[in-house]
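**Student:** Build the full structure now, drawing on both the sequences and the hints.
Residues per chain are reported as follows:
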Amino acid sequence: MNSASNWQAFRAVMRRDLMVVMRRRSDILNPLLFILMVVSLFPLAVGPGPDILGRIAAGVIWVAALLSALLGSERLFRDDFLDGSLEQLTLLPQPLALLAAAKVVVHWLLSGLPLVILAPLCALLLKLPLQAWPTLVATLVVGTPILSAVTAIGAALTVSLGRGGALLSLLLLPLFIPLLIFASGAVEASLVGTAAWPQVLLLGGLSLLTLLLAPFAVAAAIRVSVN
Amino acid sequence: MSTLLTVKQLVSQRAGRTLFADLSFDLQRGDVLHIEGVNGAGKSTLLRALVGLVQLQAGDIRYFPESALPTDANDWRQQVLFLGHKPGVKAELTALENVSLQAQLSGVESIEPWQLLATVGLLGLEDLPAGQLSAGQQRRIALTRLWYSQAPLWILDEPFTALDTDGIELLQQRFAEHTAAGGAIILTSHQPLTWQPTRLQRLRITGGDE
Amino acid sequence: MWRWLHPYAKPETVYHLLGRWLPWVAGTATLMLAAGMVWGLAFAPADYQQGDSYRIIFVHVPTAMLSMSLYVGLALSALIGRVWQLKMADWALSAIAPVGLTFTFISLVTGAIWGKPMWGTWWEWDARLTSQLILLFLYIGVLALYHAFSDNRSGAKAAGILAMVGVINIPIIRYSVEWWNTLHQGSTLTVFERPPMANSMLVPLLVSILGFSLLAASLIFQRMRNEILRQELRRPWVKQELAELATQQPAMKEQS
Numbered sequence: 001m002n003s004a005s006n007w008q009a010f011r012a013v014m015r016r017d018l019m020v021v022m023r024r025r026s027d028i029l030n031p032l033l034f035i036l037m038v039v040s041l042f043p044l045a046v047g048p049g050p051d052i053l054g055r056i057a058a059g060v061i062w063v064a065a066l067l068s069a070l071l072g073s074e075r076l077f078r079d080d081f082l083d084g085s086l087e088q089l090t091l092l093p094q095p096l097a098l099l100a101a102a103k104v105v106v107h108w109l110l111s112g113l114p115l116v117i118l119a120p121l122c123a124l125l126l127k128l129p130l131q132a133w134p135t136l137v138a139t140l141v142v143g144t145p146i147l148s149a150v151t152a153i154g155a156a157l158t159v160s161l162g163r164g165g166a167l168l169s170l171l172l173l174p175l176f177i178p179l180l181i182f183a184s185g186a187v188e189a190s191l192v193g194t195a196a197w198p199q200v201l202l203l204g205g206l207s208l209l210t211l212l213l214a215p216f217a218v219a220a221a222i223r224v225s226v227n
Numbered sequence: 001m002s003t004l005l006t007v008k009q010l011v012s013q014r015a016g017r018t019l020f021a022d023l024s025f026d027l028q029r030g031d032v033l034h035i036e037g038v039n040g041a042g043k044s045t046l047l048r049a050l051v052g053l054v055q056l057q058a059g060d061i062r063y064f065p066e067s068a069l070p071t072d073a074n075d076w077r078q079q080v081l082f083l084g085h086k087p088g089v090k091a092e093l094t095a096l097e098n099v100s101l102q103a104q105l106s107g108v109e110s111i112e113p114w115q116l117l118a119t120v121g122l123l124g125l126e127d128l129p130a131g132q133l134s135a136g137q138q139r140r141i142a143l144t145r146l147w148y149s150q151a152p153l154w155i156l157d158e159p160f161t162a163l164d165t166d167g168i169e170l171l172q173q174r175f176a177e178h179t180a181a182g183g184a185i186i187l188t189s190h191q192p193l194t195w196q197p198t199r200l201q202r203l204r205i206t207g208g209d210e
Numbered sequence: 001m002w003r004w005l006h007p008y009a010k011p012e013t014v015y016h017l018l019g020r021w022l023p024w025v026a027g028t029a030t031l032m033l034a035a036g037m038v039w040g041l042a043f044a045p046a047d048y049q050q051g052d053s054y055r056i057i058f059v060h061v062p063t064a065m066l067s068m069s070l071y072v073g074l075a076l077s078a079l080i081g082r083v084w085q086l087k088m089a090d091w092a093l094s095a096i097a098p099v100g101l102t103f104t105f106i107s108l109v110t111g112a113i114w115g116k117p118m119w120g121t122w123w124e125w126d127a128r129l130t131s132q133l134i135l136l137f138l139y140i141g142v143l144a145l146y147h148a149f150s151d152n153r154s155g156a157k158a159a160g161i162l163a164m165v166g167v168i169n170i171p172i173i174r175y176s177v178e179w180w181n182t183l184h185q186g187s188t189l190t191v192f193e194r195p196p197m198a199n200s201m202l203v204p205l206l207v208s209i210l211g212f213s214l215l216a217a218s219l220i221f222q223r224m225r226n227e228i229l230r231q232e233l234r235r236p237w238v239k240q241e242l243a244e245l246a247t248q249q250p251a252m253k254e255q256s
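Protein chains in written order, with full-length UniProt numbering: chain A, 1 to 227; chain B, 1 to 210; chain C, 1 to 256.
Hints may contain errors.
Keeping only pairs whose Cα atoms sit at most 25 Å apart, straight-line, the calculated DMTMM-like set for lysine to aspartate or glutamate is [as the list claims (entries may be wrong)]:
| id | chain 1 | residue 1 | chain 2 | residue 2 |
| --- | --- | --- | --- | --- |
| 1 | B | K86 | C | D151 |
| 2 | C | K10 | B | D60 |
| 3 | A | K127 | A | E188 |
| 4 | C | K116 | C | D126 |
| 5 | B | K8 | B | D75 |
| 6 | C | K87 | B | D60 |
| 7 | B | K8 | C | E232 |
| 8 | B | K86 | B | D164 |
| 9 | C | K116 | C | E178 |
| 10 | B | K86 | B | E36 |
| 11 | B | K86 | A | D83 |
| 12 | C | K239 | B | D22 |
| 13 | A | K127 | A | D51 |
| 14 | B | K86 | A | E74 |
| 15 | B | K86 | A | D79 |
| 16 | B | K86 | A | D27 |
| 17 | C | K10 | B | D22 |
| 18 | B | K8 | B | E36 |
| 19 | C | K10 | C | E241 |
| 20 | C | K87 | B | D22 |
| 21 | C | K116 | C | D47 |
| 22 | C | K87 | C | E241 |
On the chain C side, residues computed to face chain A include the following (Cβ under 8 Å) [unchecked claim]:
| id | residue |
| --- | --- |
| 23 | I134 |
| 24 | F137 |
| 25 | I140 |
| 26 | A144 |
| 27 | L145 |
Bear in mind the hints are in silico, worked out from the structure with no lab data behind them. Think of the CB as a built atom: it goes at the ideal place given N, C-alpha and C, for glycine as much as any other residue.
**Tutor:** And the structure:
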């Protein structure tokens, strides 16, 4: 296959997914509202004092991000599986990993990117000191692609099972632990005034590695699921 | 170069039951292969195995066995069109959008979506989300692929499902054009064909009742 | 040219091969385990710092080591199953995973028990214990996915993909947990990283490690044999095998 047709198929998958999601905007909004609500529950639960909130802010935002990624993960492949589009994708001459990558990109655009935009509001609600805001946003920028890519692996593995929800969290949450540790570690570093860039760079590296390898795992998982 | 597909000694077992064993056939240009069998006999399994969606226990499937060059996986995928049970139509998108996006995914640029919709009798419904259309109308959207596909071999699982008599008639006309132009078709169907292909093979799968 | 599907290794051969090895492996495992346990628990000298409580390492260290290597073995067999389309490798997954899960669990429990006299608490967020806990989660994920599929073949393939993803993640998880641990705890009790052990402790430890490895092997062999029988239930050779078993054991014949 030549690269022109690969690129064309990549764009066609992206365009279709974007159009479908644009028809169901609540799918984008609901996970974001979920994050906002989780974030606003914490001050109610642990008290609104700035010391404690500021210290746990990054952790809370990241845990909320993980949970919302799981929440929205079903839509990645479920409808495509049910209406037969997924099966048609596996039959295209283009590499399936490439088409899977297109779906991951769309998922990130509609769930990761809004999260990055929403981050300052969450930071404000949780009274995260201003000096840590850039680091928080930076970790979200480089970390959310990992969320989308790894979520796609889990979603593809469980798409044929019909009752993916709890199982999906069982599979995916352990894999997110390094992401959680480095991201909240980076914010903490900038809170105590040490350099946060080593962790952010590390996350960036992990992100690249994940984006490189995950599409192949997603493709393999799709082939198992449509069987 | 007239043989499109050679299948040798396919064996399929599911849950310890043999669906079919030692299944072999050849398909030439212009052939229509009608696969018959009761529900659960393994017709869909066979079709899905032909395009690699299902792996069988044993057997050999070769596309273009006479071509000198080894045909790699991506090569034959361009030459085969498979339509399964599920139409692959997005419920959120309109008929028109579905048709254009399908064509783009198939790598076909120059189609006339309006004309295609007119051909399959969906004109006037092009702006409705496909989810609001009937099963037969969704099926017609999926079937528009048959009017621009370049693939010589069509593998169709129950293509007449949910179609009315007009739809079935239309589809069979298209089949006739395709085989006349040197294409071949493998299909499953519960209804007998009302059209008489010039070269019809029948294959009956018994589904383990050896 | 497109694809040749034929089994490279015959299940029947593997079944009989494992059956021949099993008594030897299991026998040696019993001997080694007995020797290692008696030696370690009764005859090895007490530790000058930890007294007798260190003796739990004769269970803890072997199970912890094996829990890790079994996961790698799991991922390797999944890789072999994918690359060479070997269905036997897929079956191995369901033979290995529960053994690995059990060993991980034992190492976690013994680690916690050891923590009580050392740290004064049953659970400490120590780097090793935390990594081990995450490994337990990974095992649970693989097994949960395997059992979620009604079709064993798809289940094994899906769980195999997950195991391969997990094995790439394990070094990253270990590293991140180590880093997190140094970040949050200034002083770590280096119970697990001790100065070189005296030979009088090391030798029984090595014997136990060997014993536990052989135990794992014999458990996996037996599970693999069961899995082969289950998968090949309708094949003539299995029916013949069962018939022979029935003649050897009259009790079984009466039942059937």
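**Student:** Hints first: check each against the structure and report whether it holds.
**Tutor:** Evaluated hints:
1. A threshold of 25 Å between alpha carbons decides the hint, and for K86 (chain B) with D151 (chain C) the separation of about 21 Å falls inside it, so the pair holds.
2. For the proposed pair K10 (chain C) and D60 (chain B), the alpha carbon gap of about 19 Å is at most 25 Å, so the pair holds.
3. Under the criterion of a C-alpha separation no larger than 25 Å, the hint pairing K127 (chain A) with E188 (chain A) is consistent with the structure, at around 14 Å.
4. Only pairs whose Cα atoms come within 25 Å are accepted, and K116 (chain C) paired with D126 (chain C) is accepted, the gap being roughly 13 Å.
5. Between K8 (chain B) and D75 (chain B) the alpha-carbon distance is near 20 Å, which keeps this suggested pair within the 25 Å criterion.
6. For the given pair, K87 (chain C) sits about 18 Å from D60 (chain B) by alpha-carbon distance, which is consistent with the 25 Å threshold.
7. With a C-alpha separation of about 24 Å, the suggested pair K8 (chain B) and E232 (chain C) falls inside the 25 Å cut-off, and the hint holds.
8. For a cut-off of 25 Å, the pair hint linking K86 (chain B) to D164 (chain B) stands: about 17 Å separates their Cα positions.
9. The straight-line distance between the Cα atoms of K116 (chain C) and E178 (chain C) is roughly 21 Å, inside the 25 Å bound, and the hint therefore holds.
10. For the hint linking K86 (chain B) to E36 (chain B), the alpha-carbon distance of about 19 Å falls within 25 Å, and the restraint holds.
11. Of the supplied pair hints, the one linking K86 (chain B) and D83 (chain A) holds, its CA atoms being roughly 6 Å apart against a limit of 25 Å.
12. For the proposed pair K239 (chain C) and D22 (chain B), the alpha carbon gap of about 23 Å is at most 25 Å, so the pair holds.
13. Proposed proximity of K127 (chain A) and D51 (chain A) is supported: the alpha carbons are some 9 Å apart, at most 25 Å.
14. Straight-line distance between C-alpha atoms of K86 (chain B) and E74 (chain A) comes to about 19 Å, which keeps the hinted pair within the 25 Å bound.
15. The straight-line distance between the Cα atoms of K86 (chain B) and D79 (chain A) is roughly 12 Å, inside the 25 Å bound, and the hint therefore holds.
16. Simply put, K86 (chain B) and D27 (chain A) have alpha-carbon atoms about 24 Å apart, close enough for the 25 Å limit, and the pair holds.
17. Proximity of K10 (chain C) to D22 (chain B) is assessed by CA-CA distance (about 20 Å); at most 25 Å being required, the pair is judged to hold.
18. Distance restraint check for K8 (chain B) and E36 (chain B): the Cα-Cα separation of roughly 19 Å lies within the 25 Å cut-off, and the hinted pair is therefore satisfied.
19. Restraint check: the Cα-Cα separation between K10 (chain C) and E241 (chain C) comes to about 15 Å, which is no more than 25 Å; the hinted pair holds.
20. Proposed proximity of K87 (chain C) and D22 (chain B) is supported: the alpha carbons are some 21 Å apart, at most 25 Å.
21. With a C-alpha separation of about 16 Å, the suggested pair K116 (chain C) and D47 (chain C) falls inside the 25 Å cut-off, and the hint holds.
22. With a CA separation close to 21 Å, the supplied pair K87 (chain C) and E241 (chain C) stays within the 25 Å bound.
23. Evaluation of the I134 (chain C) hint against chain A yields a held restraint, the C-beta minimum of about 5 Å falling below 8 Å.
24. The criterion of a C-beta within 8 Å of any C-beta in chain A is met by F137 (chain C), whose closest approach is roughly 4 Å, and the hint holds.
25. Contact between I140 (chain C) and chain A, as hinted, is supported at the beta carbon level, the nearest pair being about 6 Å apart and thus within 8 Å.
26. Residue-level restraint check for A144 (chain C) holds (minimum Cβ-Cβ distance to chain A is 5 Å; threshold 8 Å).
27. Taken as an interface hint, L145 (chain C) checks out: its beta carbon lies about 6 Å from the nearest beta carbon of chain A, inside 8 Å.
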